[in-house]
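S.K.: First to last, the sequence lines map onto chains A and B.
According to the numbering used here, the first sequence holds residues 1028 to 1221 in order.
According to the numbering used here, the second sequence holds residues 27 to 244 in order.
Don't read these hints as lab results, they were simulated from the structure.
It should be emphasised that the depicted structure is a prediction, and the values quoted were computed from it without experimental measurement.
Hints are supplied without guarantee of correctness; some may be wrong.
Unchecked claim - Example chain B residues on the side facing chain A (calculated, C-beta under 7 Å, incomplete): (1) P29; (2) G104; (3) A105; (4) L111; (5) G112; (6) P115; (7) E117; (8) N241; (9) L243.
Said to hold, decoys possible - Pairwise CB distance ranges, derived in the manner of DEER restraints: (10) A:G1139 x B:A150: 40 to 48 Å; (11) A:H1033 x B:A180: 27 to 35 Å; (12) A:G1079 x B:P149: 52 to 60 Å; (13) A:R1147 x B:L50: 36 to 44 Å; (14) B:S145 x A:G1139: 36 to 44 Å.
Positions of the beta carbon are idealized from the N, C-alpha and C atoms, including for glycine.
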Amino acid sequence: MITALHIENLSVGRGHRVLFRGLDVAVRAGEAVALTGPNGAGKTSLLRCVAGFIRPLAGVVRCEGSGEPHLVGHQDGLKSGRTAREELIFWVRWHGGQSAGALATAERLGIGRALDLQVRQLSAGQRRRVALARLLAAPRDLWLLDEPLAPLDAEGRDLIGREMAAHLGCGGLILAAVHDPLPVAARMVEVSAP
Amino acid sequence: MSPLSALFRRELALAWGRGGGPMLAVGFFATATTLLPLAVGPSAARLAAVATGVTWVALALASLLSLERLFERDFEDGALDLLSLGPLPMEATAAVKCLAQWLANGAPLALAAPVAAVSLGAPAAAVPMIALAAGLGGLAFAFVGGAGAALALASRRGGVLIAVIVLPLLAPPVIFGGAAVGGGPAAGAGLALLAAYALAAVALAPFAMAAACRNALS
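When you get a sec, could you build the whole thing from the sequences and use the hints?
M.R.: Structure representation (structure tokens):
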């Protein structure tokens, strides 16, 4: 159970370039934080640093409580030659959920009929819905989302907005890089070059 | 079903279908061993003398074929991110991938190897030894090859790079396996050393693969 995420005095660089310096963000249970900033400001790198992939130049990322986060990045992590059902069920089980829950979630997100198609036959929005279904069917406290709504239509954004609100209501945490506002109340944090 | 068995089933399905899967490796192996009589002539005595050695080299080359996709595809489509945030340490995930690679490629090749060797003139009595050595060698090829595939992640022309990284590391199992399948007094020692090399690869390669994957993801 992760009850809070503290990003303290964080500096992250890629190659020889420092993306941002001295960033402080705190996310508490039930709170969503939207990371904004121009392209290349380091929003994705910040999320990958929180996920543990990138070692920061300085500062720390600290979680109160323990557990792995959910990550939805630019790529959805789905194999083009497998069916949406196989991929969804695998990822839900991998993250500790049950396949029955995975299928129910797929129905809720409006991709029930698309499950028998191969991933390569899905639209970008449908693939993203499959990726987001994983978050709902295998509960984890901290969601790290990298422009999660970009490929979704208005109805999909509403759906995900309701699911995000429910997640926050259960004490979840959301840290999302966005260009458009999140469909839930969120504190904005600007990521910008030093 | 536990995450481990879910991962194993997925990796096996992917390895079976990866770039043609086992049919591609076995087809390459059959073609390569068929080229030998065309090159050295049909003299049965000459063919029989090199049958097991050539079989063994073709086996090592055939096992390289599908390595390029072992980690690269997961890296490209973002699945490697999610695999590393899962319940298993990256070392275990990498080991499961290599085990699936061995079952989908090494095992069919181990069945094809005696056929090729005997049709080139190796004695029929050598069949069990060839299959056993090819199976053990395939385990070493899969794990050492997996380390090469992980190291080549995110590089262009990864397939060629993997071959250049991996082939020198395949020299010991080719030497030991060649001794094992060649018959003679050194066969037992060759098989024992081949088994030792395979076990060392299974024990050590996952750490190299996990480190290389973390490096590629950072």
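S.K.: None of the hints should be skipped; say for each whether it holds.
M.R.: Checked hints:
This hint holds: P29 (chain B) has a C-beta 5 Å from the nearest C-beta of chain A, less than the 7 Å allowed. Hint status for G104 (chain B): holds, given a least beta-carbon distance of 3 Å to chain A, under 7 Å. Interface restraint check: A105 (chain B) against chain A, minimum CB-CB distance 4 Å, threshold 7 Å, status holds. Look at L111 (chain B): its Cβ gets to within about 5 Å of chain A, closer than 7 Å, so that hint holds up.
Here the hint on G112 (chain B) is kept, as its CB sits about 5 Å from the closest CB of chain A, short of 7 Å. The interface hint given for P115 (chain B) is broken, as the beta carbon of that residue sits about 12 Å from the closest beta carbon of chain A, more than 7 Å. Hint status for E117 (chain B) relative to chain A: violated, with the closest Cβ pair at about 15 Å, above 7 Å. The restraint placing N241 (chain B) at the interface with chain A is violated, with a minimum CB-CB distance near 10 Å, outside the 7 Å limit.
Restraint check, L243 (chain B) versus chain A: the minimum CB separation of about 5 Å is within 7 Å; hint holds. Our hint of 40 to 48 Å for G1139 (chain A) and A150 (chain B) is violated, since their Cβ atoms are close to 57 Å apart. Range check, H1033 (chain A) to A180 (chain B): Cβ separation about 31 Å, and the 27 to 35 Å hint holds. G1079 (chain A) and P149 (chain B) have their C-beta atoms about 56 Å apart, which keeps the hinted 52 to 60 Å range intact.
Between R1147 (chain A) and L50 (chain B) the C-beta distance comes to about 20 Å, which lies outside the given range of 36 to 44 Å. Distance hint for S145 (chain B) and G1139 (chain A): a CB-CB separation of about 53 Å, inconsistent with the stated range 36 to 44 Å.
In the structure shown, a violation is registered for the earlier hints numbered 6, 7, 8, 10, 13, 14, in ascending order.
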